[in-house]
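Q: Assemble the whole structure, with the sequences as input and the hints as a guide.
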Amino acid sequence: MRKIRIILTCYRYIAIPGPVITLVLSYQLWLSQSWYFLPFAISAKIITTGLLLLFIFIFRSKQFYFFNNLGLSNASVYGAMTFIDFFIAATTFTITLQLL
108 MRKIRIILTC YRYIAIPGPV ITLVLSYQLW LSQSWYFLPF AISAKIITTG LLLLFIFIFR
168 SKQFYFFNNL GLSNASVYGA MTFIDFFIAA TTFTITLQLL
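The opening position of the sequence shown corresponds to residue 108 in our numbering, with each subsequent residue numbered one higher.
Everything labelled a hint here was simulated from the structure, so no lab data went into it.
There is no bait here: all hints are sound.
Here are the simulated distance ranges between beta carbons:
1) TYR172 - SER141: 45 to 51 Å
2) PHE166 - GLN205: 33 to 39 Å
3) TYR134 - ASN176: 38 to 44 Å
Glycine is no exception: its CB is placed at the ideal position from the N, C-alpha and C atoms.
A: Below is the structure:
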């Protein structure tokens, strides 16, 4: 339970831009009315998540000492943020494709 709270605390750094990008891509997928847009949406999500993590690495890396003191490495923190973000994206894309 403690680790889940720590991971969710890590996710707060991308909690607003990540889902907003996902919603914009889902809306574009819905407007296209085609499954052929899905690879573009996934690749755009991968690129934007990478850019978000790069932004955090450059400008917020000093705040990760807190997570390091709790026993988490930087790779596990970034991995947890990426996992949550892609889980939300996969769920949203699946729902959008079911509506097509």
